[in-house]
Structures are given as C-alpha cells and as structure tokens.
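Asks: Sequence:
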Amino acid sequence: MLDDLYDHSVPLISVDSLKQIKNVYLLDSREKEEFEVSHLKNARNVGYIWFDMRKVYDIPKDATIVVYCSVGYRSEKIGEKLLRDGYKNVYNLNGSIFEWVNEGNPVYKSSGVQTSEIHTYNKKWSKWVTRGTKVY
2 MLDDLYDHSV PLISVDSLKQ IKNVYLLDSR EKEEFEVSHL KNARNVGYIW
52 FDMRKVYDIP KDATIVVYCS VGYRSEKIGE KLLRDGYKNV YNLNGSIFEW
102 VNEGNPVYKS SGVQTSEIHT YNKKWSKWVT RGTKVY
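Each residue of the sequence shown is one higher than the one before, counting from 2 in my numbering.
Keep in mind the hints are simulated off the structure, nothing from the lab.
Only a predicted model underlies this, so the values are computations on that prediction, with no experimental measurement involved.
From the three backbone atoms N, C-alpha and C, an ideal C-beta is built for every residue, glycine too.
Mixed in with the good hints, there may be bad ones.
Mimicking DSSO-like on lysine-lysine, the simulated pairs with C-alpha atoms at most 30 angstroms apart in a straight line are [stated by the list, open to error]:
id: 1; residue 1: Lys124; residue 2: Lys89
id: 2; residue 1: Lys78; residue 2: Lys89
id: 3; residue 1: Lys135; residue 2: Lys125
id: 4; residue 1: Lys124; residue 2: Lys20
id: 5; residue 1: Lys20; residue 2: Lys135
id: 6; residue 1: Lys128; residue 2: Lys62
id: 7; residue 1: Lys135; residue 2: Lys42
id: 8; residue 1: Lys33; residue 2: Lys56
id: 9; residue 1: Lys89; residue 2: Lys135
If you anchor each label on the Cβ, the simulated ranges turn out as follows [stated by the list, open to error]:
id: 10; residue 1: Gly87; residue 2: Lys124; range: 35 to 43 angstroms
id: 11; residue 1: Asn103; residue 2: Glu37; range: 34 to 42 angstroms
id: 12; residue 1: Asn43; residue 2: Ser15; range: 30 to 38 angstroms
id: 13; residue 1: Tyr109; residue 2: Asp59; range: 31 to 39 angstroms
id: 14; residue 1: Gly87; residue 2: Pro107; range: 29 to 37 angstroms
id: 15; residue 1: Thr131; residue 2: Gly87; range: 32 to 40 angstroms
id: 16; residue 1: Tyr137; residue 2: Gly87; range: 31 to 39 angstroms
id: 17; residue 1: His9; residue 2: Lys110; range: 27 to 35 angstroms
id: 18; residue 1: Asp5; residue 2: Asn103; range: 27 to 35 angstroms
id: 19; residue 1: Gly113; residue 2: Arg85; range: 27 to 35 angstroms
Construct the complete structure from the given sequences, taking the supplied hints into account.
Replies: Given below as structure tokens:
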C-alpha cells in the first residue's frame, strides 16, 4: 500500500532506525487537531496545509530531521520542501505514526501525558492502525 503513496523523493527511515538516533528533530506534518490527539515525544507540529518554512527556521541545515504524518504521504511532501530549501539530512518515517503505534511505541498528548489514542485521519484510513484507540 505505501509504495503506491510514496514518490520516493525523500529517503525513508524505519521505526527501528529512528529509535537508534539520539539527536533528531521530529516534525509532525499532520494538522493541529491530529497532533493534539497524540504525537511522537518531542515532535514539533509543522502542519501540512499551512506549512511555512518559518516553522523550522531555528533548525540547522545539517541537522537530522525526520518528518512523519499518518502514513507518510504528507510528510514526504514536507520533506521535499525541506530538501529544496537546503536541508541535507531529511528522512520520511516509513509508515509514519501508524507504523510507530502498530509496532507498540508510545505516543503523547499535547500535555505530555502518554496515551493510547491515535488520530486515524478518517474512518477509512483507520484500518491501517492495528493498536491503540482510534480517533477520527
């Protein structure tokens, strides 16, 4: 399913590989409502529809950046923008937050509290989430 969604214009990184990186900027390219339900720890919500490069102005161009969304489509598009702007180490999380949750990893509410809830974008896309409490 995911291969059909990706253009492979941004290098993919697996969930396991992401967990091994110590210094990384995590960018959540979902919309604010999705981010508030849950997100990866220490992620920064940059959105998709209203994405603006000013949201990442403080990130060094040579920093390691991993972008994610629900399944990886929106994050790939934001990753393309980052690469065009001169960021050098940009990765798209393969399977994005759905894969992160499906592999049993924690997600957090905006308050910092761990949660089982995962925003599935819509009911149709919820079929790709096999763990957690689905919200749409």
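Asks: Just pull the numbers of the violated hints for me, sorted ascending.
Replies: 1, 6, 9, 11, 12, 13, 18
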